[in-house]
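Undergrad: Using the sequences provided together with the hints, build the complete structure.
Residue numbers (our numbering), protein chains in the order written: chain A, 1 to 362; chain B, 1 to 301.
Rather than coming from a laboratory, the hints here were simulated on the basis of the structure. Here a beta-carbon is modelled for each residue, glycine too, at the ideal position from N, C-alpha and C. It cannot be assumed that every hint is accurate.
Unchecked claim - To spell it out: a stretch of chain A is covered by chain B in this simulated footprint if at least three of its residues, at any positions, have a beta carbon under 8 Å from a beta carbon of chain B; those stretches are: (1) 138 to 149; (2) 205 to 211.
Said to hold, decoys possible - Derived contacts from chain B toward chain A, CB cut-off under 10 Å, selection only: (3) Leu21; (4) Leu22; (5) Lys53; (6) Asn185; (7) Ile216; (8) Thr227; (9) Gly267; (10) Asn274; (11) Phe291.
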Amino acid sequence: MSHDHEHDHTHEHPVPVTPEDAGSQALAEALHSSFAIVKVVMVLMVLAFFSSGFFTVGPQEKAVILRFGRPVGEVDKILLNSGWHWSYPYPIDEVVKIPITEIQKVNSTVGWYATTAEQELSGEELPAGASLNPAVDGYVITADRNIIHTRATLYYHIENPINFVFDFVSASNAVQNALNNALLYSAAHFNVDDVLTRDVAGFRDAVLQRVSDLTELEQIGIVIDQCEVQSIPPRQLLDVFTRVTTARENRNKVLNDARSYENQVFSQSGAQASSITNAAAADRARYVQSITAEAKRFSDLLPKYESNPSLFAQVTLVQAMGPILTNVQDKILLPERADGKPRELRLMLNREPLAPKTSSNP
Amino acid sequence: MKRNAMTVVIGTVLIVIFALLLFVFQVRQSEVAVVTTFGRPTRNLTEPGAYCKWPWPVEKVYKFDQRVQNFEDRFSQNLTADNNNLLVMVYVGWKITDAKAFFPKFAGGSTLAAQSMLESMLRSAKSAVVGKHPLADFVNADAKQLKFNAIENEIEQAVQSQLQTNNCGIGIAFLGIKKLGLPENVTQTVFQRMTSERQILISQFEFEGEAEAQKIRSAAERQAAETIANADAAATRIRGEGEAEAAKVLPVFQQNPELENFLLRIGALQQSLNQRATLIFDERTPPFDLFQHLPTNAPSR
Numbered sequence: 001m002s003h004d005h006e007h008d009h010t011h012e013h014p015v016p017v018t019p020e021d022a023g024s025q026a027l028a029e030a031l032h033s034s035f036a037i038v039k040v041v042m043v044l045m046v047l048a049f050f051s052s053g054f055f056t057v058g059p060q061e062k063a064v065i066l067r068f069g070r071p072v073g074e075v076d077k078i079l080l081n082s083g084w085h086w087s088y089p090y091p092i093d094e095v096v097k098i099p100i101t102e103i104q105k106v107n108s109t110v111g112w113y114a115t116t117a118e119q120e121l122s123g124e125e126l127p128a129g130a131s132l133n134p135a136v137d138g139y140v141i142t143a144d145r146n147i148i149h150t151r152a153t154l155y156y157h158i159e160n161p162i163n164f165v166f167d168f169v170s171a172s173n174a175v176q177n178a179l180n181n182a183l184l185y186s187a188a189h190f191n192v193d194d195v196l197t198r199d200v201a202g203f204r205d206a207v208l209q210r211v212s213d214l215t216e217l218e219q220i221g222i223v224i225d226q227c228e229v230q231s232i233p234p235r236q237l238l239d240v241f242t243r244v245t246t247a248r249e250n251r252n253k254v255l256n257d258a259r260s261y262e263n264q265v266f267s268q269s270g271a272q273a274s275s276i277t278n279a280a281a282a283d284r285a286r287y288v289q290s291i292t293a294e295a296k297r298f299s300d301l302l303p304k305y306e307s308n309p310s311l312f313a314q315v316t317l318v319q320a321m322g323p324i325l326t327n328v329q330d331k332i333l334l335p336e337r338a339d340g341k342p343r344e345l346r347l348m349l350n351r352e353p354l355a356p357k358t359s360s361n362p
Numbered sequence: 001m002k003r004n005a006m007t008v009v010i011g012t013v014l015i016v017i018f019a020l021l022l023f024v025f026q027v028r029q030s031e032v033a034v035v036t037t038f039g040r041p042t043r044n045l046t047e048p049g050a051y052c053k054w055p056w057p058v059e060k061v062y063k064f065d066q067r068v069q070n071f072e073d074r075f076s077q078n079l080t081a082d083n084n085n086l087l088v089m090v091y092v093g094w095k096i097t098d099a100k101a102f103f104p105k106f107a108g109g110s111t112l113a114a115q116s117m118l119e120s121m122l123r124s125a126k127s128a129v130v131g132k133h134p135l136a137d138f139v140n141a142d143a144k145q146l147k148f149n150a151i152e153n154e155i156e157q158a159v160q161s162q163l164q165t166n167n168c169g170i171g172i173a174f175l176g177i178k179k180l181g182l183p184e185n186v187t188q189t190v191f192q193r194m195t196s197e198r199q200i201l202i203s204q205f206e207f208e209g210e211a212e213a214q215k216i217r218s219a220a221e222r223q224a225a226e227t228i229a230n231a232d233a234a235a236t237r238i239r240g241e242g243e244a245e246a247a248k249v250l251p252v253f254q255q256n257p258e259l260e261n262f263l264l265r266i267g268a269l270q271q272s273l274n275q276r277a278t279l280i281f282d283e284r285t286p287p288f289d290l291f292q293h294l295p296t297n298a299p300s301r
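TA: This is the structure in structure tokens:
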């Protein structure tokens with residue numbers, strides 16, 4: 001390029017000195033105009049060179065400008081937010097874009113048997129052999145030295161892109177290994193039943209804790225959003241583990257039945273007890289009331305009686321006989337025989353055999 | 001001349017650019033570089049930026065990625081202190097810390113060569129450390145006896161010290177166990193043990209459930225019986241109280257026992273003749289004694 005320029009220049013110089021013939025003049029004009037074109041092109045290229053320094057940063061990313069390989073800006077202003085930016089073109093500046101807000105995820109399958117997502121979806125997994133081949137089948141060893149399968153998915157986003165991009169060849173790989181290690185480490189101090197049933201959330205929290213500890217220690221520059229852990233007993237022992245679950249459920253059912261029986265017995269006995277005491281209280285009230293009423297009547301009658309006992313007795317008796325005789329069903333009056341001898345009576349007693357109170361003889 | 005000045009400026013710029021390309025080089029944020037003078041490493045550049053050098057035949061620049069690289073060794077079998085075979089795989093994050101030392105050690109600064117050296121160091125460190133610990137240090141429900149972290153640290157330190165004595169220019173950023181395993185035939189034994197443990201659990205659940213339920217039921221029944229007995233006792237007490245209250249009234253009747261006797265008899269009479277009674281009486285019973293001396297139409301004999 002530079003040489004072309006020098007060349008044109010030397011040719012252009014003699015043009016006004018020797019305007020000899022039409023041919024050479026035409027050549028000179030042609031050269032002149034082509035030189036103008038070259039100039040325009042050069043200006044355009046210089047413009048293009050500088051405008052190539054414009055770049056956009058998307059909403060889901062940040063960017064860092066490296067000037068001669070060194071990040072530009074103060075420590076906390078290195079990151080460029082989304083929008084338009086300008087940098088010097090390539091050999092001076094270099095723009096590195098880093099996805100930041102989007103959630104990334106890694107899976108850990110070191111503790112899972114050999115399978116693929118497709119096999120799992122289609123249900124065509126290879127049948128479990130009698131033993132686990134360490135080369136292909138992953139598993140973890142629990143604190144009580146049981147073998148179980150467990151796998152995890154970790155969701156995270158990048159918090160410190162400088163660390164994430166410039167300190168690690170493959171930061172996601174480092175995160176994955178931290179997750180692998182966390183599964184192993186957490187399984188190593190959990191018992192098999194805790195991992196599988198009793199404390200599933202506790203196990204997940206332990207995994208999460210370990211991963212965040214490790215990633216913080218290793219300064220990967222990520223924030224963990226979520227961690228999903230799935231654990232199953234080895235497929236070889238699925239049957240016996242299911243039976244344990246059934247037995248546990250049965251036990252709980254039996255216990256629940258017993259508890260509901262307990263409640264029923266308690267409420268029944270409570271009701272019975274209160275009816276017993278209530279009846280007693282009612283008895284007491286009735287007894288006391290009746291005897292008090294009796295006493296009052298006695299006190300009322302006493303002066304009349306004392307004034308003339310026999311008259312009182314006769315009057316009272318006759319008064320009483322009135323209603324008695326009204327109530328009595330059959331009344332038989334035996335007048336005295338003229339001769340004064342007693343009369344003879346014959347009674348048929350079984351007139352109403354089933355009735356309890358049939359007759360009475362005064 | 002204007003045109004000549006322009007030419008000189010442009011020419012100078014071009015020469016400067018050319019010279020810069022020859023004499024200046026960049027070290028990026030993620031890189032370290034070593035400069036060799038006639039093939040001998042002379043300068044170590046760890047900070048990013050632009051640097052000067054003599055052009056090619058004199059000095060040459062070798063750049064290396066100084067970011068943490070991941071390396072995982074083989075899943076290899078080691079013997080624990082209590083003679084268990086344990087398969088261990090570790091992952092290592094390593095980085096080039098000293099390019100000047102790293103560069104001559106491995107042909108052309110090859111990371112593959114470095115990793116194969118790292119692998120052999122790991123192998124010996126791993127078997128040495130695993131051999132010092134029983135299996136209970138790897139898996140243990142008791143957090144105090146679990147030495148997982150200690151084991152990782154020991155392996156890391158062993159490798160780190162070997163790297164230092166060999167002066168490789170490599171540093172370990174972190175090291176952890178990636179995978180633990182048992183030999184294939186051992187897994188079968190473990191499965192058998194697990195099965196029998198499960199069966200113990202099953203029978204435990206079965207018997208525990210029944211026994212516990214029985215306990216709950218009998219306790220409930222005992223408590224119910226107690227409640228009713230208490231209620232009976234309370235009822236007796238309440239009735240007794242009633243009688244005691246009634247006893248206070250009794251002296252009233254003692255003022256005239258005859259009247260009381262009479263009243264009671266009338267009461268008894270009223271009650272006994274209340275229903276379906278047949279009463280037979282003669283003329284002497286009041287009030288029918290009124291009939292006694294009336295003239296009747298009965299034939300007198």
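Undergrad: A separate judgement is required for each hint: does it hold in the structure or not?
TA: Here is what the structure says about each hint:
By the rule of at least three residues with a Cβ nearer than 8 Å to a Cβ of chain B, the coverage given for the stretch 138 to 149 of chain A holds, with 10 such residues. Under a criterion of three residues with beta carbons nearer than 8 Å to beta carbons of chain B, the stated coverage of the stretch 205 to 211 of chain A fails, only 0 such residues being counted. Using the Cβ-Cβ criterion of 10 Å, the hint placing Leu21(B) at the interface with chain A is satisfied: the shortest such distance is roughly 8 Å. Below 10 Å, beta-carbon pairs count as interface contacts, and Leu22(B) has none with chain A, the closest being about 13 Å; its hint is therefore violated.
The restraint placing Lys53(B) at the interface with chain A is violated, with a minimum CB-CB distance near 14 Å, outside the 10 Å limit. Hint on Asn185(B) holds. Least Cβ distance to chain A is approximately 7 Å, under the 10 Å limit. Of the supplied interface hints, the one on Ile216(B) holds, with its beta-carbon coming within about 4 Å of a beta-carbon of chain A, less than 10 Å. For Thr227(B), the suggested interface contact is upheld, since its CB lies about 4 Å from the closest CB of chain A, less than 10 Å.
Hint status for Gly267(B) relative to chain A: holds, with the closest Cβ pair at about 9 Å, below 10 Å. Evaluation of the Asn274(B) hint against chain A yields a held restraint, the C-beta minimum of about 6 Å falling below 10 Å. Satisfaction of the interface hint for Phe291(B) is found here, the shortest Cβ-Cβ separation to chain A being roughly 7 Å, below the 10 Å cut-off.
In this structure, the earlier hints numbered 2, 4, 5 are contradicted, and the remaining ones agree with it.
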